Amino acid sequence: MSREDKLLILFESIHKVMLAERLIVKIYKPYQIIPVPKQYSSECGMCIEIISSDKDEIVAELQRNEINFNIVKRGL
Amino acid sequence: MERIVDCKGLLCPQPLILTKRALKEVVKGEILKVIIDNATSCQNVTRFLTDNNIEFKTSEADGVYTLTIITPGADFSPKKEAEEYCEISNPKTVSYIVQITSDFIGSGNEDLGRILMKGFLNTLPDIEELPSEIICYNSGVLLAKKGTDTAKSLLKLKNMGVKITLCGTCVDFYGIKEEIEVGEISNMLYIAEKLTSGVKVVKP
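Note that the protein sequences, when read in sequence, are chains F and D. If you count the first sequence from 1, position 34 lands on 34 in our numbering, and the numbers rise without skipping. If you count the second sequence from 1, position 93 lands on 93 in our numbering, and the numbers rise without skipping.
This is chain D alone, in the form it adopts within the complex:
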């Protein structure tokens, strides 16, 4: 029997998550084919399989990789979470930083400013060049709170290779440390170094 996991068009960690799920579902000896159309995701899944002693063969045609796996059986339990193998190499990211200083854009009506911020974050993935990093402080850290649509947008950007940094003082101030969905907590020394490093800073 053969099972196909079609990951074409998906970015890391989705191919890893789908591969892990399929490995848990298949019967021992079943052949699993994972189809991936980007080299970085293929390398990540390859590392995941190798690290978990799973035999596989790789073939490539026109930029589409097929990993053929002889499945280990239902008792498969990975050493680490699949997502931990997700290393991103995205040539779209360039050297500019987006500085987000509040959860809304501009001065004036805050509800309008929140809509504008959502529009900004949701349109960033579609522009030609992504920022290398988004730094959030003051009420900007609220954008990374679990359950918010803005956290989903930031997560999408993170999965595309954009580093998300949150000001630790601000996270403490708003009392949301346990509710952060995405982003690395950092301090003002790091933020100051980044903003003064000469890299272009964009503030929406």
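Chain F with its partners taken away, still in its complex shape:
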């Protein structure tokens, strides 16, 4: 899978990353926890990398749980 097939979900805090991870695990979608790339934040932080095709389902789950986030393309 190339980087073009991946998206990054950015959150406002590590607490939201941890909560989002639990939700993504629950709906059986593959993901990776990675450090937030420097171009998105100069601070230490983690984000979640997902496969583009899973976006809609994961977004719906996060929105259902009222988690704020931004989605960006991996590698931009």
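Please keep in mind that the hints were generated in silico from the structure rather than gathered at the bench. Some hints could be false.
Quick list of in silico lysine-lysine cross-link-like pairs, DSBU-like style, CA-CA up to 30 Å [said to hold, decoys possible]: (1) F:6 to D:156; (2) D:158 to D:8; (3) F:73 to D:158; (4) D:156 to F:38; (5) D:177 to D:145; (6) F:38 to D:8; (7) D:156 to F:55; (8) F:29 to D:156; (9) F:38 to D:163; (10) F:16 to D:145; (11) D:152 to F:16; (12) D:158 to F:26.
With beta-carbon atoms standing in for the labels, derived distance ranges [said to hold, decoys possible]: (13) F:57 to D:199: 40 to 50 Å; (14) F:5 to D:84: 27 to 37 Å; (15) F:23 to D:193: 41 to 51 Å; (16) D:198 to F:63: 49 to 59 Å; (17) F:38 to D:172: 33 to 43 Å; (18) F:66 to D:28: 56 to 66 Å; (19) D:80 to F:12: 43 to 53 Å; (20) F:70 to D:58: 43 to 53 Å; (21) D:149 to F:65: 12 to 22 Å; (22) F:23 to D:101: 27 to 37 Å; (23) F:53 to D:197: 44 to 54 Å; (24) D:66 to F:12: 43 to 53 Å.
Fair warning: this is a prediction, and the values are worked out from it, not measured in the lab. We put the CB at the ideal spot given by N, CA and C, even for glycine.
Following the hints, position chain D against chain F.
Only chain D this time, still in chain F's reference frame:
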């Protein structure tokens, strides 16, 4: 008829697995072209084909290798698993060892520490120099358990040439011997020798 297996950008054992799969699927006499863009994977696939008495020709242009295979037919059954031909030579690996002593990083909140560990393992493949080895002990061995995302990360590192070593005593203690996805089980003598050998040790 001609079938192309494009392995560009893939690291061992993927080219081997895709070649094996294609060999099982093609019709006898069909021409199979396997395209690989790294020399190590090309050598591994070449050994796999030679060992299984499969005729092929190799051509190379600008670092891209094309193996043209006259296929043996659907009854092809390899002598050994394709993955066993995977030998890795990765110039990115250097002489430092990563010592992982628990399944989370730091002291304090363990859930936070687990997130940090995942971030660490998933970012290692992107840094300039890979470690030669990752040694896991105590609850660090849990990172290699089947079905965990951390095992996938360790597997990726292994496929990039990083040796993954697990403490056997710890694997026994946690009762996960049958559930290990990646890593070689070793003992404290080996671990002690490695950690005291003078090589740089990095502990996240």
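To see whether the hints hold, each was checked on the structure:
In summary, the hint linking residue 6 of chain F to residue 156 of chain D is supported, as the alpha carbons are separated by about 17 Å, within the 30 Å threshold. As the CA atoms of residue 158 of chain D and residue 8 of chain D are separated by approximately 19 Å, the hinted pair is consistent with the 30 Å bound. For the hint linking residue 73 of chain F to residue 158 of chain D, the alpha-carbon distance of about 27 Å falls within 30 Å, and the restraint holds. Between residue 156 of chain D and residue 38 of chain F the CA atoms are separated by roughly 23 Å; this keeps the pair inside 30 Å, and the hint holds.
Pair hint residue 177 of chain D plus residue 145 of chain D holds up; C-alpha atoms about 9 Å apart against a cutoff of 30 Å. With a C-alpha separation of about 28 Å, the suggested pairing of residue 38 of chain F with residue 8 of chain D holds against the 30 Å cut-off. Restraint check for residue 156 of chain D and residue 55 of chain F: satisfied, since their Cα atoms lie roughly 23 Å apart, inside the 30 Å limit. For the suggested pair residue 29 of chain F and residue 156 of chain D, the alpha carbons sit about 18 Å apart, so the restraint of at most 30 Å is met.
Between residue 38 of chain F and residue 163 of chain D the alpha-carbon distance is near 29 Å, which keeps this suggested pair within the 30 Å criterion. For a cut-off of 30 Å, the pair hint linking residue 16 of chain F to residue 145 of chain D stands: about 26 Å separates their Cα positions. A C-alpha spacing of about 23 Å is found between residue 152 of chain D and residue 16 of chain F, which places the hinted pair at or below 30 Å, so the restraint holds. In summary, the hint linking residue 158 of chain D to residue 26 of chain F is supported, as the alpha carbons are separated by about 28 Å, within the 30 Å threshold.
The beta-carbon spacing between residue 57 of chain F and residue 199 of chain D, approximately 45 Å, falls within the hinted interval of 40 to 50 Å. Restraint check, residue 5 of chain F to residue 84 of chain D: a C-beta distance of roughly 29 Å satisfies the suggested window 27 to 37 Å. The supplied range of 41 to 51 Å is met by residue 23 of chain F and residue 193 of chain D, whose beta-carbon atoms lie about 44 Å from each other. The hint said 49 to 59 Å for the Cβ distance between residue 198 of chain D and residue 63 of chain F, and at roughly 53 Å that hint holds.
Evaluation of the 33 to 43 Å hint for residue 38 of chain F and residue 172 of chain D yields a pass: the beta carbon distance comes to about 42 Å. The hinted window of 56 to 66 Å between residue 66 of chain F and residue 28 of chain D holds, with their beta carbons roughly 59 Å apart. A hinted range of 43 to 53 Å for the beta carbons of residue 80 of chain D and residue 12 of chain F is consistent with their spacing of about 51 Å. Between residue 70 of chain F and residue 58 of chain D, the C-beta spacing of about 47 Å keeps the proposed range 43 to 53 Å intact.
Against the hinted window of 12 to 22 Å, the Cβ-Cβ separation of residue 149 of chain D and residue 65 of chain F comes to about 20 Å, which satisfies the hint. A hinted range of 27 to 37 Å for the beta carbons of residue 23 of chain F and residue 101 of chain D is consistent with their spacing of about 30 Å. Between residue 53 of chain F and residue 197 of chain D the C-beta distance comes to about 46 Å, which sits within the given range of 44 to 54 Å. Take residue 66 of chain D and residue 12 of chain F: their Cβ atoms lie about 49 Å apart, and the range 43 to 53 Å holds.
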